[in-house]
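Novice: Quick note, the sequences are listed as chains L and A, same order.
If you use numbering that gives the first Met the number 0, the first sequence corresponds to residues 0 to 361, in order.
If you use numbering that gives the first Met the number 0, the second sequence corresponds to residues 0 to 361, in order.
A hint or two may mislead.
A pair holds if it fits inside one copy or across any two, identical chains being indistinguishable in the list.
The calculated SDA-like cross-link candidates involving lysine to any residue, where the alpha carbons are at most 20 Å apart (straight line), are [unchecked claim]: (1) Lys-277 <-> Gly-133; (2) Lys-51 <-> Ala-214; (3) Lys-25 <-> Val-70; (4) Lys-125 <-> Pro-97.
Since the hints were made in silico from the structure, they are not lab data.
Nothing here was measured: the structure is a model prediction, and the numbers come from that model.
There are 2 protein chains.
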Amino acid sequence: MANIIILGAGVMGSALAVPLADRGHKVRLIGTHLDDDIIAAIRRHDIHPRLKVHLPDSVLPGSPDELAEAVGGAELLVLGVSSAGVDWAAGKLTSVLPPDVPIVMVTKGLAGDGETIQTLPEYLEKRLGATYRGDVCAIGGPSIASELAVRRPTCVTLAGRSGPAAHRLAEWFRTPYYHVWPDTNLVGVEVCAALKNLYALGVGMAAGMLESAPAVENESGMHNTAAALFAEAVWEMSYMVTALGGDPQAVWTLAGGGDLYVTCQAGRNSRMGRWLGKGMRYSEAKLRYMPEDVVEGAETALAIRASLSAMITRGELDRNSLPMLCAIVEAVCDDACRPIPLERFFAARGTERPNDFAAGLS
Amino acid sequence: MANIIILGAGVMGSALAVPLADRGHKVRLIGTHLDDDIIAAIRRHDIHPRLKVHLPDSVLPGSPDELAEAVGGAELLVLGVSSAGVDWAAGKLTSVLPPDVPIVMVTKGLAGDGETIQTLPEYLEKRLGATYRGDVCAIGGPSIASELAVRRPTCVTLAGRSGPAAHRLAEWFRTPYYHVWPDTNLVGVEVCAALKNLYALGVGMAAGMLESAPAVENESGMHNTAAALFAEAVWEMSYMVTALGGDPQAVWTLAGGGDLYVTCQAGRNSRMGRWLGKGMRYSEAKLRYMPEDVVEGAETALAIRASLSAMITRGELDRNSLPMLCAIVEAVCDDACRPIPLERFFAARGTERPNDFAAGLS
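Isolated chain L, as found in the complex (with noise of 0.2 Å):
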């Protein structure tokens, strides 16, 4: 049994204090400034309001001015705020996080600086600072937040860069219904994690040109031009985890083609795609149709766009190896308003094997 502090209450923060209380931990759970009604809401014994059940009885709820006597005696830390607030979170811990106390994230995204694309959990380290020797570790894997809140089976990846750590850290996750498994490879779950949610907005576009596409005979739909899409976005996922230094394994098992499976199936990028796939613009389907939404792929696309266009210039990466997400990058940022070129998929690369990719970047 340990200490555990969540710190963010939305749906994947509050979702994973349910495993971690049936392993008999003691879990306060911390919101932001931002889950004042969630905490209230669970101070009442009442339904988490995003989650729509109760959690356990022994997870407390805190708020954020308990965070630094909370995090005193912690074993370990989960970081559930949205990739907006990992800057806020940063600044929170710098002073109060003992410097051994581990870190499990489950905030998605990548961070850019108009140079380079880094993942969250490296670009949380450079905010700690140099003072903090935990491990930055981070799960990947099919986790719709209700599901798992019920106790629905799903297997997830814990990765982090030390192996015993992401093994015994696992070990705290694991229930009969979470079945989660350790890793190494932490730059790779986390990259899968990340553009997943920008590559399901691509396959949500099948539904949209469906839908402006001209009338056929046998009322068919376009589930093959969706599935080449999905195989298009897994296939770029190997080259870019690859190029950002992480094992492409992570594409063929639970962080990519797992958790882009279950993104695709329905959500906010699904909604977004299928607009841009009728034909409209971003900025008008934003406004018209999701102005209250944060759409994770999207937000992805505007955080790594100028490091992207930095890292072509600079032949780091080959604009030829990723066509969709040069193109969905550029339908969301220069709001650009054309199809998908389904014709120019998997050709750059013809044959080679996705581990001969690394030696064409400088």
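Got chain L; can you put chain A on it based on the hints?
Specialist: Only chain A this time, still in chain L's reference frame:
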């Protein structure tokens, strides 16, 4: 422009007549003895009764007794019979097919002789005998026939042992809606193409598990579970491709992940999976709900059952690396009624790289 014979007027063989005719080839579509009503409909310029579309007028329908005359002048034979029809086709072709005419198979399946597992192109080559010197190639990737027949966009791989042959034939098929990439990974593409049906049956079990699971507070589905099954399927496919002598790259492009994705969206394999996921025995589900249906994934399980056991016994395949495959094969072939062992997924290989699998196989 080439003279092309398609043998088998089922949905896939017939659908391929569309891009081939659009490319200006002279296409003869020869039905098997099971296709008489289809060929008669095409002769009357009616719609194809299973595709529900009119084929292009330039496609010339024919009956089995026209085969000998037709293949005499052919530059390509497309084999579109069912996997159960490969022996029949080989028997028909042995005496009449000119020894240099290449074959492109769209028949999917694996051949088991109780000791080893062969891809259908390997099996067909043996059946055609040493006098046949042509290239046997195959097409893999997302290809719902009714969508291809109305020119909905998709991307596929045309794989052959000879790179130049695959390039030349891919060019013959390619249209602005049918994007065809040549590949030399014939074994990889064919193992994926066959196993995707079997694994789609497994992914479909999540729908049945959901129906028989207790009600939950927030009415969540089991999308995570389906995605975890999908990820394990891709993972095991990479193991099987490697073990059978192919390149696992096929798994994370069109023939593997792409085709599995589309196969999981609907169809007979998913329907059967749902019954098994609800806890029903295969024999009962088949008899009660799908007595007339060919469930391709189940056919593949039956075809490889004995060979799979023999290869595991000889240490050529590791049972611990194939928990999902073994569970599906046992459900279908032994009428076993057990839950899918999620807790054994991914575990056997830890964080090894897939290219290391082969080292463990004798």
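Novice: When Cα atoms must be at most 20 Å apart, do Lys-25 and Val-70 count as within-copy, between-copy, both, or neither?
Specialist: Answer is within: at 12 Å inside a copy they meet the 20 Å cutoff, but 75 Å across does not.
Novice: Given identical chains, is Lys-277 near Gly-133, meaning Cα to Cα at most 20 Å, within a copy, between copies, both, or neither?
Specialist: neither (47 Å within a copy, 45 Å between copies)
Novice: Treating 20 Å as the Cα threshold, decide for Lys-51 and Ala-214: within, between, both or neither.
Specialist: Between copies, since 14 Å is at most 20 Å while 41 Å is not.
Novice: At most 20 Å between CA atoms: does that hold for Lys-125 and Pro-97 within a copy, between copies, both, or neither?
Specialist: within (16 Å within a copy, 68 Å between copies)
Of the hints listed earlier, the one the structure fails to meet is number 1.
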